[in-house]
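Spelled out, the chains give:
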Amino acid sequence: MPDWFRRNTKNIQTYSKRDTKEGMWHSCPSCRAVIYQTVLKDNFFVCHECSFHFRITSDAYINLLIDNNDYQEFSKNIVSSNPLNFTIPKDYSSQIQETINKTNKNSAITTVKGKINNIEVILGVMDFSFIGGSMGSVVGEKISRAIIKAEEENLPLIIITSSGGARMQEGAYSLMQLAKTSSKLARFSEKGGLYIVLLTDPTTGGISASIGMLGDIILAEPNALICFAGPRVIKQTIGQDLPKGFQTSEFLLKKGFIDNIVERKKIKETITSLIKVLKKR
Amino acid sequence: MNDYILDFELPLKKIEEQIDELKKTSYRTGIDVASSIEALEKELLLKKKDIYGTLTRWQKLQLARHPARPYSSDYIRLIVDSWYELHGDRKFSDDSAIICGIGKINSNSVAIIAQEKGRGTKEKLKRNFGMTRPEGYRKALRVMKLAEKFNIPILTLIDTPGAYPGIGAEERGQAEAIARNIFEMSSLKVPIISIVIGEGASGGALAIGVCDKLFCMENTWFSVISPEGCASILFRDPAESKKAADAMKVSSEDLLDMGIADLLIKEPLGGANNNYKDAAKSLKIAFLSALDELSELNSETLIYNRIAKYDKMGHWLDCNE
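Protein chains in written order, with the numbering used here: chain A, 2 to 282; chain B, -4 to 316.
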């Protein structure tokens, strides 16, 4: 609404729907139920009507998992350079800066050390809101450092993924991050390290084709899109619509590619009990 | 074989036609045109050096996709002394988009894993245009594990427009197959030498491309996504592919500059499509010299170096430093 159309006297103000304080009400994209912010928050951002899992930030996952939200973040200040000097159609350096300002994050993954039900872990959580959670040099390096830290301190490694894949703006460097992270996981695994991955909506391309599918235990949130090639690409290739429920968590469970589906409110207890069984003394 | 002319090769075609015309005239009339022909052939050579010496990224990519370009099956035929193909992933089926086998090259035992596009409609369909399915990657891993067991070095030839994006491929875990290969290859105990012979598109290429040495034939490309894919996502217009190729720096030379490729293998003038034998010879020499170098290392060093190599890849700013 243009400003000149508004009344600006102190006692009479003009409201429009968009002026509703941001985040007060949410409409469920799945069942259209209108949910009050605090209700949604109390229910871990899961629709109380249809169990639709809203996308949440890395901070929300850390808060959900880490005891008293008490953790130490590491590798926080690694940020993307623009190694290929990628400028079209948008200058990559400014895109990074804008995204940093918008999300208040330095990259598409946050890595922390903290306790889950009193068990010390290394936790990495990706943010889809940071350029589609895409993996370039920074995400690769941060995951790599997290694996090394878990290896050195003999701690379980947990990664929560949400990503459109590798970051195009860093070309072949991004592709090499698949090898960089997966090779570290191989060494970690060889030494007996425990790696649990939780796939959330969406986990596609280069992330599913590397760290996403390499967990000792692979969990997924309900109804998440998990795939290598996205539905649009496949549709273009085969020229027909895809079966209902194709490439969802439920589909992957049925096809044998994940260990289980876990509702958001049960993530913490599930991971805790898995670590308790698998962790070496 | 070389009837396929790319737009930037048209000036060469013109000179060749002139030479043909002169030869025909001379045959008909008996007039001696040797000196004119010689002059034209000189001009042709100069023009060739000029054109092929200054190829743009897009032009190199066109050569990488040239229908007459040597494919894996051609290189294998030209470099091995003995060869036995192995089929199937022992789980689901045999993917013809990838050729696996064992053989000898100059008295060295070697396992070869190679993506094959297929020439001609029938063969292309059989090979699925070089688009590997999960069972192809699993076959590759099976044969690589076999090589590891018998301490045989591995040569992989990369040539794919991408992993196959189809319903069946997704159902059978394309992502898992690629991830598993990358994971396992990073700690295989034998030398792995990978050579990009045409196209190296994304995870579909890397799934057989985690290695100790990565070489690129001169007219090839290798990146995180095809320029067409990048253009349709970032530019919302596949027609901007040339720009995308430049922006992503996809050529073999770029890969060398970025420190991702270790060596660029020169192709015969005009591209490998003009001379399979020479192209294969250069590839074989590069492979054997790398093998010599890597054979000196024990498996621990080999794996340590391999993981360290990938550790260095990428660029970032560490604001704490």
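Hints are computed from structural coordinates only; laboratory data are not their basis. Check before you lean on any hint, since a few could be wrong.
[Stated by the list, open to error] Output of the computed footprint for chain A on chain B, the stretches with three or more beta carbons under 8 Å from beta carbons of chain A: (1) 156 to 166; (2) 173 to 181.
[As the list claims (entries may be wrong)] Far from chain B by the CB rule (all over 12 Å, computed), these chain A residues: (3) P84; (4) V139; (5) L176; (6) V234.
The beta carbon of each residue, even a glycine, is placed where N, CA and C say it ideally should be.
Okay, the hints, checked on the actual structure:
| no. | hint | in the structure |
| --- | --- | --- |
| 1 | 156 to 166 | holds (count 7) |
| 2 | 173 to 181 | holds (count 7) |
| 3 | P84 | violated (4 Å) |
| 4 | V139 | violated (5 Å) |
| 5 | L176 | violated (4 Å) |
| 6 | V234 | violated (5 Å) |
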